[in-house]
Amino acid sequence: MGAIYACMALAVVMIYQAIDHLNFAQGEMAMFSTFVSWQLMQWGVPYWGAFVVTLVFSFFGGIAIERLLFKPLAKAPILTNVAGFIALFAIINSVAGLIWDFTIKQYPTPFGSSPFLGSQLISTHQAGMIGVTVLLLVGLYFFFQFTRIGLAMRAAASVPESARLVGINTSWMIALGWGMAAAIGSIAGMLIAPVVFLEPNMMGGVLIYGFAAAVLGGLTSPLGAVIGGFLVGIFENLAGTYIPGVGNELKLPIALALIITVLVVKPAGLFGRPIVKRV
Amino acid sequence: MTAMLNVKDLRAYYGQVQALHGLNFALNEGSLTTLLGANGAGKTTTLRAICNMVRSTGAIEFEGATLSGRSTENIVRLGIAHVPQGRGTFTTMTVEENLQLGAITRKDKAGVVADIERMYDHFPVLKQRYAQQAGTLSGGEQQMLAVARALMLRPRLMLLDEPSFGLAPLIVRDLFKILGKINREEKVTILVVEQNAQLALELADQAYVIETGRIVMSGKANEIANNEDVRKSYLGY
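Taken in order, these protein sequences are the chains called A and B.
Residues 2 to 280 (my numbering) make up the first sequence, in order.
Residues -1 to 235 (my numbering) make up the second sequence, in order.
Simulated from the structure, these hints should not be mistaken for lab results.
You may find that some hints are simply not true.
[As the list claims (entries may be wrong)] Between beta-carbon pairs, the in silico distance windows are: (1) B/182 x A/53: 54 to 60 Å; (2) B/57 x A/267: 51 to 57 Å; (3) B/109 x A/57: 32 to 38 Å; (4) B/229 x A/267: 53 to 59 Å; (5) A/142 x B/69: 27 to 33 Å.
[As the list claims (entries may be wrong)] Some, not all, of what chain B presents toward chain A, calculated at C-beta under 7 Å: (6) 70; (7) 80; (8) 86; (9) 90.
Everything numeric in this text was worked out from a predicted model, so none of it was measured.
The beta-carbon is built from N, C-alpha and C at its ideal position, and this holds for glycine as well.
Same shape as in the complex, but just chain A:
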């Protein structure tokens, strides 16, 4: 489970870096993308073909959502944006239900589901997920730390006015951030679907765990998000198994309790950089 949360947390952190907000509709966007890839496969497109097409679709879909919905809200207060996220959540969820209905669907895995290297603990699919997550993480790290456009994106997110004053087109940087977050979310969705099965509500729980993982690891740190993801997965299952009375039913509240605890005790998360301001 940890790898799922890690992947989702990565998408959450990604968009947080780009737009400085948590996107509540992130999970639904990922779900929709996953449905698109499923539909392509139903039409006979091979897995990797569908994977790539879905990535591209999600990237431009994310940009389109930003241009149409959130660009007009750019100067609005945070609450307006939150309302926008929730609206987007509801819309995508319903539209997916309308097109593909709410029945649970099987989703294939490219990695197979036999035990990994003879181990009984993880399957090849889970190993594949971990591999993809780590690859994404390394890729993102290099993108943000060592490329000009990565630097420009970080600048546009942190101080938009100053970013414009050094000549950065901040508006497009934000759109690009949305596109990248949507693409990463779609990867997360396509990796998660074989485990939780495909249906419009598949991301509900996962996104909350993703948030928990992102907060635990630190919203400013992609590496923290991934480690947070694994920690949340381990913590969730240990608590579910060993703390009497928690069981399967109370696993979700545990994630929420974790979010609150981290925010109270260590708001920057385990690996996040505390934001220091001097006035």
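Could you slot chain B onto chain A? The hints should help.
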């Protein structure tokens, strides 16, 4: 000598409130000009209007190009660096990243690397702190960083909004010395908005005085400094 920046009948508005009432002024290439005025006179608004960060009408021409209708980032790309009030530091990033951001529109990688070293020569304190989060710098250091960041653009024109704000007098002297040096040695035209009229007039060669959104006086800095009214209103003797 032709003007590098020509501002004609500049009017600016914040919502319904008109902040500038038809400003006319020009900057000569290579000059160091100061714009003086009391609080709320419209100094900051003038700089913001040049970079199209506030709604305005009128004609602004920079080296023959019309600025009105251009986005802020496109105006910056023409070679106008703006050091905003409050310094605009990217507080969560390192000092070096702040400098790299100043040069983000430039394509010459080697030149950028060399310029960062040059900035460290101008401002040795930045070199000591190059890997530090910029938000942890002191006010004076952040102002140095803001000036250095602006210079990384290799600007033709630099606009500075109250660089002395909140700084100790000694640090202000240092900073102004560096500004003078940049103006002379690197041929950067500078427009500096200041409340600290005495220092600004010592530094500048041209001066404009602005009152409630209108230019009320203009001339050589030393003549303005000797003007009776200016002395009474802004210099306090």
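Evaluation of the provided hints:
1. B/182 x A/53: 54 to 60 Å: Since the Cβ atoms of residue 182 of chain B and residue 53 of chain A sit about 57 Å apart, the hinted range of 54 to 60 Å holds.
2. B/57 x A/267: 51 to 57 Å: holds (55 Å)
3. B/109 x A/57: 32 to 38 Å: 36 Å Cβ-Cβ, so the 32 to 38 Å window holds.
4. B/229 x A/267: 53 to 59 Å: With a Cβ separation near 57 Å, residue 229 of chain B and residue 267 of chain A satisfy 53 to 59 Å, so the hint holds.
5. A/142 x B/69: 27 to 33 Å: holds (31 Å)
6. 70: Residue 70 of chain B check passes; min Cβ-Cβ to chain A is 4 Å, inside 7 Å.
7. 80: holds (5 Å)
8. 86: Given a least distance of 4 Å, the restraint on residue 86 of chain B holds.
9. 90: Holds: closest Cβ of chain A sits about 5 Å from residue 90 of chain B, inside 7 Å.
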